[in-house]
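Trainee: The chain contents come next:
2 protein chains.
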Amino acid sequence: MDWKPDFSSEIPLYVQIKDSIKLKISLGEWAVGTKIPAQRTLADQLGVNRSTVVTALSDLIDEGLLEGNTKGGTRVVNNAWNLLAASPPPDWSSYVQAGTYYPNQPAIQQINRAEFQEGIIRLGTGELSPDLLPSAQMKKIFEESSLNPFALGYEEPKGNLYLRKQITAYLQGIGIHTSPSAILIVSGALQALQLISIGLLQRGSSILLESPSYLYSIHVFQSSAMKLIGLPMDEEGVRTDHISRYKKGHNASLLYTIPSFHNPTGTLMTEARRQDLMTICADEGLPIIEDDAYRELWFDNPPPLPLKARDPNALVLYLGSLSKTLSPGLRIGWVVAPEPVIERLADIKMQNDYGSSSVSQWAAAEWLGRGLYQEHLVFVREQLQMRRDHTVQLLQTHFKDIAEWSVPAGGFYIWLRLTLDIPMHMLFERACKEGVLLNPGSIYSRHTGNYLRISYAYAKQEELEIGLKQLAILIKLLHRE
Amino acid sequence: MDWKPDFSSEIPLYVQIKDSIKLKISLGEWAVGTKIPAQRTLADQLGVNRSTVVTALSDLIDEGLLEGNTKGGTRVVNNAWNLLAASPPPDWSSYVQAGTYYPNQPAIQQINRAEFQEGIIRLGTGELSPDLLPSAQMKKIFEESSLNPFALGYEEPKGNLYLRKQITAYLQGIGIHTSPSAILIVSGALQALQLISIGLLQRGSSILLESPSYLYSIHVFQSSAMKLIGLPMDEEGVRTDHISRYKKGHNASLLYTIPSFHNPTGTLMTEARRQDLMTICADEGLPIIEDDAYRELWFDNPPPLPLKARDPNALVLYLGSLSKTLSPGLRIGWVVAPEPVIERLADIKMQNDYGSSSVSQWAAAEWLGRGLYQEHLVFVREQLQMRRDHTVQLLQTHFKDIAEWSVPAGGFYIWLRLTLDIPMHMLFERACKEGVLLNPGSIYSRHTGNYLRISYAYAKQEELEIGLKQLAILIKLLHRE
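Just so you know, the protein sequences line up as chains R and A, in that order. Residue numbering for the first sequence follows full-length UniProt numbering, beginning at 1 and increasing consecutively. Residue numbering for the second sequence follows full-length UniProt numbering, beginning at 1 and increasing consecutively.
A hint or two may mislead.
Since the list gives no way to pick out one identical chain from another, each pair is judged satisfied if it fits inside one copy or across any two copies.
[As the list claims (entries may be wrong)] Result set (BS3-like, lysine-lysine): computed pairs, CA atoms no more than 25 Å apart in a straight line:
#, residue 1, residue 2
1, Lys35, Lys18
2, Lys35, Lys71
3, Lys476, Lys4
4, Lys4, Lys165
5, Lys165, Lys139
6, Lys165, Lys18
7, Lys71, Lys227
8, Lys22, Lys165
9, Lys227, Lys460
10, Lys139, Lys433
11, Lys476, Lys22
12, Lys469, Lys4
13, Lys140, Lys165
14, Lys460, Lys4
15, Lys433, Lys460
Hints in this document: simulated from the structure, not taken from any laboratory. Just so we're clear, the structure is a prediction, and the values are computed from it rather than from any experiment.
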């Protein structure tokens with residue numbers, strides 16, 4: 001609830017709560033059929049005792065607006081008007097369940113909500129910390145916007161041409177030679193996957209991918225009735241020895257991979273493995289989605305050239321993004337692919353959202369075109385490397401006896417394998433209650449129940465110190481229980 | 001093609017063209033299997049004679065890279081590498097055809113492309129003319145961004161809270177009482193439809209809607225295997241006498257309507273019809289999508305209150321947008337609905353694009369919060385009214401004997417019925433060749449083949465004068481042929 005009671009008012013709290021719930025019901029925000037939040041949740045949100053909430057709800061049950069059930073849930077059953085109508089009002093909960101798109105996993109939904117809990121330490125968040133985002137420079141760019149004004153109208157279906165030219169030049173620097181006409185601007189790499197799922201694939205298709213993978217944590221392909229087929233990984237990246245067999249066995253349509261600083265394992269695919277992968281996929285005629293969102297976040301050495309830079313047979317749909325390096329809020333990414341594919345995806349994007357924000361596209365083009373992006377990358381790499389070093393040190397201090405990990409050469413993540421056997425859902429719940437938010441490995445694969453994705457990109461240094469120490473204590477505690 | 005030949009070079013044009021096509025093929029932009037543009041199109045794009053293109057293509061056919069077929073189409077059949085691979089490269093054209101999402105109608109694709117043709121007069125475009133977009137004020141807002149800095153990170157799943165608060169206050173002014181928690185920020189009203197289609201409806205559902213309707217021009221519901229069932233309209237809006245029968249006959253899940261300044265007919269639903277519609281839908285338990293994107297564009301009097309303002313039973317999913325009034329490029333719209341519905345749609349939006357651009361959300365909040373939006377609306381209404389008057393005058397001059405129309409009380413559109421019987425696809429093609437772009441009625445329904453959607457919002461006054469005059473001449477010419 002957005003509303004808060006007025007503690008200085010003479011009106012009793014339970015009456016205020018009753019009235020505000022009545023208002024929500026009468027406005028239709030809590031339509032008939034709505035399951036209202038649990039008593040405890042309401043009490044927490046409103047900052048009152050649970051008994052106050054209980055009193056308010058009982059009154060509303062007596063008045064016939066709410067109905068409790070035996071499981072302790074409470075639903076809206078009436079409002080002031082519905083008794084007058086010939087038919088019952090629409091049962092929105094049945095609509096909510098009818099949609100074809102899968103909801104987020106409950107764990108992800110819980111994480112999405114907990115992220116906005118005040119003071120919580122986010123040990124798994126896959127974003128740059130707010131103090132690594134270039135707010136001052138962004139402000140400056142907008143203050144100087146009269147130098148090169150942006151359009152307020154719709155952009156071309158493939159996206160702003162000037163931005164696509166800047167991206168063409170940028171891609172040249174990482175070995176990808178292409179033209180603006182083979183580039184589509186998208187609202188982040190995630191949207192590219194969404195467009196591919198509805199634009200290029202039949203329902204029931206199979207996608208090969210690394211296991212674990214970020215892709216398991218969203219439902220972009222499964223919601224279009226597609227299957228994800230996991231391939232094992234080693235320290236060089238996805239293993240290629242199963243690809244032919246899996247492709248035939250599952251009639252796979254695509255292979256999805258994050259070769260550089262893989263999410264969630266942090267693995268960097270080696271040069272040899274990249275060559276190997278391209279050879280096998282060319283032999284199999286198996287197209288590849290290369291998700292390269294983390295590529296620029298290297299520490300000592302740049303990663304090997306992208307798969308797309310060694311792609312004479314046009315196997316690769318290449319995804320890039322500014323979300324992990326510059327600003328997630330801009331929502332700007334790109335797809336590089338053969339022109340007919342780009343045209344198909346652009347056509348669907350027009351039907352989905354009429355193109356990405358023109359202001360965001362303009363800002364992205366300024367960052368790239370004025371060389372500011374490269375400057376910013378130097379800063380981000382330095383900062384992330386320091387954060388990685390600090391985090392590895394903390395792990396050595398607190399986790400030496402209870403976990404294993406590799407030191408990533410770039411990106412955001414350390415893939416922590418707990419060597420103690422503990423119930424991970426309890427760890428997640430307990431940590432959350434103690435103000436530490438985790439990304440459990442089970443989000444990224446069914447077989448990684450004893451892993452955690454630790455991100456050194458988001459939490460502040462002090463938070464990492466407190467959070468990781470607290471986590472280690474909690475793990476040992478749970479192990480002893 | 002982005003590339004243009006160098007006319008000052010000593011290298012013959014056909015060689016330059018050959019080389020540039022070879023490059024596109026070798027880079028995979030024109031992958032094996034790609035159908036390349038027609039000779040005439042290429043010649044036009046490159047600014048050369050068709051014979052020059054023919055020479056270049058013949059050479060490439062001789063070299064084995066291209067293959068012509070009997071129908072005059074030319075495809076890429078080889079590149080320098082694919083002969084070395086064990087398998088043929090992926091056939092991207094089969095992927096392009098495999099996706100579940102419908103492509104745009106050919107007429108719409110043609111319109112989308114022609115809009116970027118230089119000098120074309122756009123008589124049907126449903127956007128504000130660039131000179132009605134508040135570029136100077138927008139620049140000023142960004143220059144003052146230090147007053148109230150914007151975030152570069154991700155926003156909450158439902159969208160920026162400050163923006164949702166501004167929208168809550170705005171909605172109050174049009175009779176809709178709600179809270180920020182019952183609002184979802186979307187990238188334009190179109191995205192809201194997309195989210196509803198995959199989030200609230202089963203495959204195979206039926207949607208009732210006005211016939212004609214803008215909704216027929218996109219495939220947002222049909223791509224999820226849903227059926228659109230058209231309801232007849234009269235001058236008061238959608239007729240309500242068929243709703244009960246159609247609802248039962250087709251087991252309809254929703255009714256979609258544009259009550260204020262309907263797209264494409266310009267009709268304003270009367271107060272009486274609104275009441276009637278709400279009574280029938282309440283009796284039938286039939287939920288409504290109210291698309292209110294044009295409501296603020298009234299001339300003499302504001303339209304009757306929205307359906308959502310008379311919705312005690314929470315029947316209505318309400319859609320609003322800044323695209324038609326302030327800036328299409330911002331890509332900011334909103335949905336108002338019962339909270340469980342908003343939460344479901346927010347969850348799916350997070351899986352589709354991780355939320356709308358934070359810069360766009362910030363700018364939208366500034367416009368609303370600082371009262372600038374209302375000021376701008378006054379200006380836009382005045383300007384649009386002048387444009388409407390001017391356009392009606394032009395129609396009286398040139399179309400009196402060949403068409404019928406009603407004068408709209410707001411919005412963008414005049415729905416022009418041609419009384420002469422002419423082949424409309426030929427009119428479209430001929431007009432396009434003469435530099436006048438039309439939106440034929442057939443885009444909006446199967447039964448409106450003799451209509452045109454005329455928009456007075458986009459083209460300049462002089463363009464309207466020239467374009468409408470030319471159109472009238474062309475119609476009479478075609479009628480005589």
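Trainee: Please work out whether the CA atoms of Lys139 and Lys433 approach to 25 Å or closer within one copy, between two copies, in both situations, or in neither?
Mentor: neither (37 Å within a copy, 45 Å between copies)
Trainee: Tell me, please, which holds for Lys165 and Lys139 at an alpha-carbon limit of 25 Å: within, between, both or neither?
Mentor: Answer is both; intra-copy 23 Å and inter-copy 24 Å each pass.
Trainee: With 25 Å as the alpha-carbon cut-off, assign the pair Lys4 and Lys165 to within, between, both or neither.
Mentor: For Lys4 and Lys165, only the inter-copy Cα distance (15 Å) is at most 25 Å; the intra-copy one is 50 Å.
Trainee: Indicate which option fits the pair Lys35, Lys71 if close means a Cα-Cα distance not exceeding 25 Å: within, between, both or neither.
Mentor: within (12 Å within a copy, 62 Å between copies)
Trainee: Since the copies are identical, ignore which copy is meant and state whether Lys476 and Lys4 lie within 25 Å (CA to CA) inside a copy, between copies, both or neither.
Mentor: neither (39 Å within a copy, 67 Å between copies)
Trainee: As a check of your reading, is Lys140 near Lys165 (CA-CA no more than 25 Å) within one copy, between copies, both or neither?
Mentor: Answer is within: at 23 Å inside a copy they meet the 25 Å cutoff, but 27 Å across does not.
Trainee: I want to check one pair: Lys433 and Lys460. Are their C-alpha atoms no more than 25 Å apart within a copy, between two copies, both, or neither?
Mentor: For Lys433 and Lys460, only the intra-copy Cα distance (19 Å) is at most 25 Å; the inter-copy one is 61 Å.
Trainee: When Cα atoms must be at most 25 Å apart, do Lys460 and Lys4 count as within-copy, between-copy, both, or neither?
Mentor: neither (30 Å within a copy, 51 Å between copies)
Trainee: Within a copy, between copies, both or neither: which one fits Lys469 and Lys4 at a CA-CA cutoff of 25 Å?
Mentor: Neither, since 35 Å and 62 Å both go past 25 Å.
Trainee: Please work out whether the CA atoms of Lys71 and Lys227 approach to 25 Å or closer within one copy, between two copies, in both situations, or in neither?
Mentor: Neither. Shortest intra-copy (35 Å) and inter-copy (39 Å) distances fail the 25 Å Cα cut-off.
Trainee: When no copy is specified for Lys35 and Lys18, does a C-alpha distance of 25 Å or less occur within a copy, between copies, both, or neither?
Mentor: within (16 Å within a copy, 66 Å between copies)
Trainee: With 25 Å as the alpha-carbon cut-off, assign the pair Lys227 and Lys460 to within, between, both or neither.
Mentor: Answer is neither; intra-copy 38 Å and inter-copy 51 Å both fail.
In summary, the structure is inconsistent with hints 3, 7, 9, 10, 11, 12, 14 from the numbered list given earlier, while agreeing with the others.
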